[in-house]
Amino acid sequence: SAVISQKPSRDICQRGTSLTIQCQVDSQVTMMFWYRQQPGQSLTLIATANQGSEATYESGFVIDKFPISRPNLTFSTLTVSNMSPEDSSIYLCSVMLRANSYEQYFGPGTRLTVT
Amino acid sequence: KNEVEQSPQNLTAQEGEFITINCSYSVGISALHWLQQHPGGGIVSLFMLSSGKKKHGRLIATINIQEKHSSLHITASHPRDSAVYICAVKGGTSYGKLTFGQGTILTVHP
Chain F
1 SAVISQKPSR
11 DICQRGTSLT
21 IQCQVDSQVT
31 MMFWYRQQPG
41 QSLTLIATAN
51 QGSEATYESG
61 FVIDKFPISR
71 PNLTFSTLTV
81 SNMSPEDSSI
91 YLCSVMLRAN
101 SYEQYFGPGT
111 RLTVT
Chain E
1001 KNEVEQSPQN
1011 LTAQEGEFIT
1021 INCSYSVGIS
1031 ALHWLQQHPG
1041 GGIVSLFMLS
1051 SGKKKHGRLI
1061 ATINIQEKHS
1071 SLHITASHPR
1081 DSAVYICAVK
1091 GGTSYGKLTF
1101 GQGTILTVHP
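Line by line, the protein sequences are chains F and E.
For the first sequence, position 78 matches number 78 in the working numbering, and the numbering has no gaps at all.
For the second sequence, position 41 matches number 1041 in the working numbering, and the numbering has no gaps at all.
No wet-lab data here; the hints were simulated from the structure.
The C-beta atom is built at its ideal place from N, Cα and C for all residues, glycine as well.
Hints should not be assumed to be uniformly reliable.
Restraint ranges, calculated between C-beta atoms of paired labels, are given here [claimed, not checked]:
hint, chain 1, residue 1, chain 2, residue 2, range
1, F, C13, E, H1038, 21 to 27 Å
2, E, N1010, F, P71, 39 to 45 Å
3, F, I12, E, H1069, 26 to 32 Å
4, E, E1017, F, Q22, 38 to 44 Å
5, F, Q22, E, G1091, 27 to 33 Å
6, E, N1010, F, Q28, 39 to 45 Å
7, E, R1058, F, N50, 38 to 44 Å
8, F, P71, E, Q1066, 43 to 49 Å
9, E, V1027, F, V62, 25 to 31 Å
10, E, K1053, F, P71, 40 to 46 Å
11, E, G1040, F, E86, 18 to 24 Å
12, F, R98, E, K1054, 30 to 36 Å
Distance condition first, Cα-Cα at most 16 Å in a straight line; then the derived EDC-like pairs of lysine to aspartate or glutamate [unchecked claim]:
hint, chain 1, residue 1, chain 2, residue 2
13, E, K1097, F, E103
14, E, K1054, F, E103
15, E, K1068, E, E1003
16, E, K1097, E, E1003
17, F, K7, F, D26
18, E, K1068, E, E1005
19, F, K65, F, D87
20, E, K1097, F, E58
21, E, K1055, E, E1067
Chain E with its partners taken away, still in its complex shape:
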């Protein structure tokens, strides 16, 4: 079993739909990152969480440390949101390495 599991692996939505991507992890962490990777390969850091909830525009990220689970929500999805979304956890100290999930491929159709 991978240390970081994402679901679903693939997600197709119609423009305007509410989207949820889930991330579960099995190790103790100091922080969790949500990353976005576009087809060109570059990665953008969306959120870094150690507790609670963060919101940026149409994106919302939550984390439940007790349940070792995080979710990324996209409200009013748009075709430009089409990308790979990656969950990554950082180990017990700030020097800890990032462990990455396999990514969720999101396609939003107009």
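Chain F extracted, bound-state conformation:
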């Protein structure tokens, strides 16, 4: 299994500012993902964080709005840029230990409120 920590656990931010969320895993993992969960909605995949190369974004999400870094196999960051109230969501980091594994683990989430 994998133990995932996220920082911050929650934050309240003003519109127009940016927030960087950190995801740390206790072991090297092959794949890392970032999800968003808007209020009352299910989870939506934002992007797959690739180690050493640009992240792979899903339809509707762009690098300028959600820049992602993954400098090594245990750490990734997601930045929510130029925030608006519509960005108020829970942001979750998720990992797969191995590319050919079906098991997927989730972090505790970051609850973001934009005022």
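Please build the complex by placing chain E on the supplied structure of chain F, with the hints as guidance.
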């Protein structure tokens, strides 16, 4: 129609009751996950199934691949089981993305 449908959307029970949450899906899958989300937002993976049945403590998960249906059962429910339970399916390969159900809000009263 959503690819993953859960029922019921909301469920209220008294402590000690047997609870069933259902998940139906319309696509071919390689695995199905049952997840638990507490009010703080963090998600815990309860089960990953590709066939048959799994049991962990008071929780039991079953899947019928032919009928494209899975159930999560909670025996002797307790107020600490109150959470959102989410069904998620992984596509035809292990690289496949997870598709999530809308979740079932469970409230267990003492």
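| query | Holds or violated: 38 to 44 Å for the Cβ distance of E/R1058 and F/N50? | reply | Given a distance of about 39 Å, which is inside 38 to 44 Å, the answer is holds.
| said: Hinted pair, alpha-carbon criterion (16 Å max): F/K7, F/D26. Please report holds or violated. | reply: Between F/K7 and F/D26 the Cα gap is close to 14 Å, so the pair holds against 16 Å.
| said: Tell me if the beta carbons of E/V1027 and F/V62 are separated by a distance inside 25 to 31 Å. | reply: 27 Å, holds
| C-beta pair F/P71, E/Q1066: status relative to the range 43 to 49 Å that was hinted | 45 Å, holds
| task | Starting from the hint 27 to 33 Å, judge whether the C-beta atoms of F/Q22 and E/G1091 obey it. | result | Given about 29 Å between the Cβ atoms, the range holds.
| field | Satisfaction of hint between E/E1003 and E/K1068, Cα-Cα up to 16 Å | value | 11 Å, holds
| message | Holds or violated: E/K1054 and F/E103, Cα atoms, limit 16 Å. | response | At roughly 15 Å apart (the allowed maximum being 16 Å), F/E103 and E/K1054 satisfy the hint.
| message | For the hint 26 to 32 Å, verify it against the beta carbon of F/I12 and that of E/H1069. | response | Distance hint for F/I12, E/H1069 is violated at roughly 41 Å.
| request: Starting from the range 39 to 45 Å, see whether the pair E/N1010 and F/Q28 falls in it by beta-carbon distance. | output: 40 Å, holds
| query | Keeping to a limit of 16 Å between CA atoms, is the pair of E/K1097 and F/E103 held or broken? | reply | 12 Å, holds
| Should the hint that E/N1010 and F/P71 are 39 to 45 Å apart at their CB atoms be regarded as holding? | 43 Å, holds
| message | Against the range 21 to 27 Å, how does the distance between the Cβ atoms of F/C13 and E/H1038 compare: consistent or not? | response | 23 Å, holds
Against the hints set out earlier in the document, violations occur for numbers 3, 12 and 21.
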